[in-house]
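Since the structure of chain A is already known, use the hints to place chain B on it.
As given, the protein sequences belong to chains A and B, one line each in that order. Each residue of the first sequence is one higher than the last, beginning at 1 in our numbering. Each residue of the second sequence is one higher than the last, beginning at 1001 in our numbering.
It should be emphasised that the hints constitute simulated quantities derived from the structure, not laboratory data. Some hints here could point you the wrong way.
[Claimed, not checked] If you want the ones that stay clear, here's a sample from chain B, every Cβ over 10 angstroms from chain A, calculated:
# : residue
1 : Y1241
2 : L1304
3 : H1330
4 : G1362
5 : E1410
[As the list claims (entries may be wrong)] The calculated lysine to any residue pairs, modelled on SDA-like cross-linking and capped at a C-alpha distance of 20 angstroms, are:
#  : chain 1 : residue 1 : chain 2 : residue 2
6  : B       : K1067     : B       : D1473
7  : A       : K380      : A       : L141
8  : B       : K1032     : A       : L123
9  : B       : K1219     : A       : E173
10 : A       : K187      : B       : W1231
11 : A       : K103      : B       : W1231
12 : A       : K187      : B       : D1230
13 : A       : K103      : B       : F1107
Where a beta carbon is used, it is the ideal one built from N, C-alpha and C, also for glycine.
2 protein chains.
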Amino acid sequence: FQRLYNSNFPGVRSQHSATASQGDKYTRPAVKTEIPGPKSKVRQYRPRAIMCNTGALSFFCDFEQSKGNYLVDADENVLLDCFQQISSLPLGYNNQELLDLCKNDHFQATLLNRPALGTFPGLGFPQLVEDSLLRVPPPGLNQVITMACGSCSNENAYKAIFMWYMKKKRGQEMPVLDDLAYETCMKNQVPGSPKLSILSFDGAFHGRTLGTLSTTHSKPIHKLDIPAFDWPIAPFPRLKYPLEVHESENAAEEARCLEIVEDLINEWNTKAPVAGIVIEPIQAEGGDNHASCEFFRKLRDIALKYDIAFQVDEVQTGMAITGKWWAHEHWGLETPPDIVSFAKKMFVGGFYFSDAIRWNMGYRIYNTWMGEPSKLHFLKKTIEIVNSQNLVNQAQLTGDYLMKGLKELESAYPALLNSSRGQGLFCATSISGDGARDKVSKDLLNQGVLVGSCGNESIRFRPSLLFSPAHVDIVLDKLNVALNNV
Amino acid sequence: FQRLYNSNFPGVRSQHSATASQGDKYTRPAVKTEIPGPKSKVRQYRPRAIMCNTGALSFFCDFEQSKGNYLVDADENVLLDCFQQISSLPLGYNNQELLDLCKNDHFQATLLNRPALGTFPGLGFPQLVEDSLLRVPPPGLNQVITMACGSCSNENAYKAIFMWYMKKKRGQEMPVLDDLAYETCMKNQVPGSPKLSILSFDGAFHGRTLGTLSTTHSKPIHKLDIPAFDWPIAPFPRLKYPLEVHESENAAEEARCLEIVEDLINEWNTKAPVAGIVIEPIQAEGGDNHASCEFFRKLRDIALKYDIAFQVDEVQTGMAITGKWWAHEHWGLETPPDIVSFAKKMFVGGFYFSDAIRWNMGYRIYNTWMGEPSKLHFLKKTIEIVNSQNLVNQAQLTGDYLMKGLKELESAYPALLNSSRGQGLFCATSISGDGARDKVSKDLLNQGVLVGSCGNESIRFRPSLLFSPAHVDIVLDKLNVALNNV
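The shape of chain A in the complex, shown without the other chains (with noise of 0.2 angstroms):
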């Protein structure tokens, strides 16, 4: 295998690594113990303390000694950070901006005194809001709500569907007076609490809410024992790749999808009617699955024709990693989606929303915290330094050299890795052979580069909008002696 990725990236590339080395203290991994080491061992057999969480948890860190790219454990391993705490943090660790921000004192009076947001406002949150969130809103989408976490975006976005398919059904906002909605919905019964469904896609990840869960099909794990919504789940296409290679049995993948989609809308109309589709750009924890950009405009249009509301879940995909702001930016859309949720790089969950989709009266979708406005402080100020280093741009160059890595490396190992796929930064792989991956993983993780994994066999690559084509060489160097050693 030769390594050809550290001589040939576009012009851009020493301006890059510029801006890497200006986030980063450290320039490569330095591992010094096997990880987890001894001090995160010692920490993990605390009684009671790790939140039942020890089967989850992989080491403890060194928050203040971590900076960009970088991460540092409580062994002093330093790693290349290619996961960034599961794709939430947009520019790594101790941003030297963001964290100036912390000293201001406006800022620790927005943190310390939380409000109750949606009633007791802070003055300068409408202008926060403008400056933040609707600053990067999705194309044709005016109306936006902040939530607390992921899980608790999608629960009130299915919510807002749910309010917008009954308001189209009734032709106005609210039951007239005396409708037994009022009455039956306090007793969980119809028609106060209508029985409607929101259609999901086989591997899908969106929460682990009940509602949510309802829609998620990653893993049993995340499933087994909680009692569910009996809701229309159609499969999500099964492509091959590369997917320029394998067009045309792919299209036929994704017809059979689009089939089924309509099937199971219609089959659901004579017990709990689809309200919405909800679905990911790139299924993440699912396995990093992708469809084509034809796929997504289609099944857009299949939510036009039966009225039912289209949901694009961005919680991992948005925020700049794939390229554009926006991952379903890429599909080209004629009519954008009614919703677009999202939480993670963002700081704060929540969703923007179409005016079709507002609904008019207080109290409908609220929440005592509904998020905390500290966190558009950071948005606020991670949009300018994404805007004004043109990260955005970045994460396409660096996310296309980082395929293209990937692609030599499956012609050096072709029976070990295959199905290179990505969206800018958005990058997995997948390893073939039993215990394959978990060992690769491992074996990256003890030279000092820390990827995240998904689905039955894929590492995937989550890392901050500040990652270079210098840190995609360590990545690849470090890989490639990985898949030398299985």
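Relative to chain A, chain B alone:
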């Protein structure tokens, strides 16, 4: 009506007033404009930026000018805040020790580098949990997990209950390999997604996400148009106040409700067995409805009799406001609850649970953020303050003083004011007559006293733990004026 409450508070009074003065910058309300004033109104009508909540919006706040028990609004009105952001600020506004904490480097690193807490916690996290949440566990509960808001806390508590129930039923943590449960849960079908239920009460409020909303029965505006699980709903006792005067009829009412609880458990056994009971110690949103300690003890016994979980939702009652850290400590339970959920004044959501409820597989209960560790720094400091200033006891004494004053007002306005009820500072009173409650509430606001409302005719007091007899005097004085004006 003779005001008596200015001169007869027990001996600790001057001490309490001094405490309040330390926290407050203002000594009395000062109202310059009608509320909401012109500056609140200007902001209210900015397009898009109020997040669809104009119907729930009261006014805009100037948090930087607010201090202790006094909230300053956008029009520079100084309000004595007896609602504290829907009961979510334990020490009022801009507490100096918490502000100092915001300036601390370690705090800022914890805040900015928000981790995926279940997988990559900070190295100080176990100790931080010990020093905050595990300093104040409900008696008998050793385990704790954090979540981002109250709704998510209850959603995940219900999941823990379902998992515990199924573990019990099959006699082991997970189904055997190849069990049908693994495959069916991915499709939302039995046996993997079992038909189980949570029993809740009329008038309850446990959240607004689809699972918790199925246990919320406060107002139609919360529930209308949203699909719900068909779960059993028992009547919550409708008691007559004062409780000590109506003992025998109240006891009969409670016996009636408990009998229906058992009937429902038996009835649901064939369609969706009850895995747990959830109840608030005082129904808050539903109208500040109390029940006797004996009622709760008997309810706990019923849960034991049928071997189902008993969850106490202390999202609003928790953290000292009732005169004990947890309201259910008043009950004298022989067997602790299985789960106690919290949020609001605890700064972060989550729930405590028993060793029996504890699950042992990673990712069973999980979320990317799982709350936020920086909030535990606020909690840790607040616990220190509450303990060193003896604020739990102060909540009891000041609450007793408030109740005494409310009952004196009842005597002065017998046709108007009734059913004053409370536990510590967690107090409410009812105002009879069409629209009278809203009129009094608005009058109080325009005199500079902010209270909450609940149910159809109640106002509720949810002041900070620094609320003192001197503040009570102001409230009673203004309430007297408002009642006079009706």
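Going down the list of hints, with the structure as the test:
1. For Y1241(B), the condition that its CB be more than 10 angstroms from all CB atoms of chain A holds, with the nearest at approximately 24 angstroms.
2. At roughly 22 angstroms, the least C-beta separation between L1304(B) and chain A is larger than 10 angstroms, which holds for a residue marked as non-interface.
3. No Cβ of chain A comes within 10 angstroms of the Cβ of H1330(B); the nearest lies about 24 angstroms off, and the non-interface call holds.
4. Distance check on G1362(B): its Cβ comes as close as 2 angstroms (rounded) to a Cβ of chain A, failing to clear the 10 angstroms threshold; non-interface status is violated.
5. With a cut of 10 angstroms on Cβ distances, E1410(B) stays outside the contact zone with chain A, its closest approach being about 29 angstroms.
6. Distance hint between K1067(B) and D1473(B) is fulfilled; the C-alpha atoms sit about 19 angstroms from each other, no more than 20 angstroms.
7. The hinted pair formed by K380(A) and L141(A) meets the criterion: a straight-line CA distance of about 19 angstroms does not exceed 20 angstroms.
8. About 17 angstroms separates the Cα atoms of K1032(B) and L123(A), which keeps this hinted pair within 20 angstroms; it holds.
9. Pair hint K1219(B) plus E173(A) holds up; C-alpha atoms about 17 angstroms apart against a cutoff of 20 angstroms.
10. Taken as a hint, the K187(A) and W1231(B) pair is honoured in the structure, with Cα atoms around 9 angstroms apart against an allowance of 20 angstroms.
11. Straight-line distance between C-alpha atoms of K103(A) and W1231(B) comes to about 49 angstroms, which puts the hinted pair past the 20 angstroms bound.
12. At roughly 8 angstroms between alpha-carbon atoms, K187(A) and D1230(B) fall within 20 angstroms of each other, so this suggested pair holds.
13. Annotation: proposed proximity of K103(A) to F1107(B) holds, straight-line Cα distance about 11 angstroms (limit 20 angstroms).
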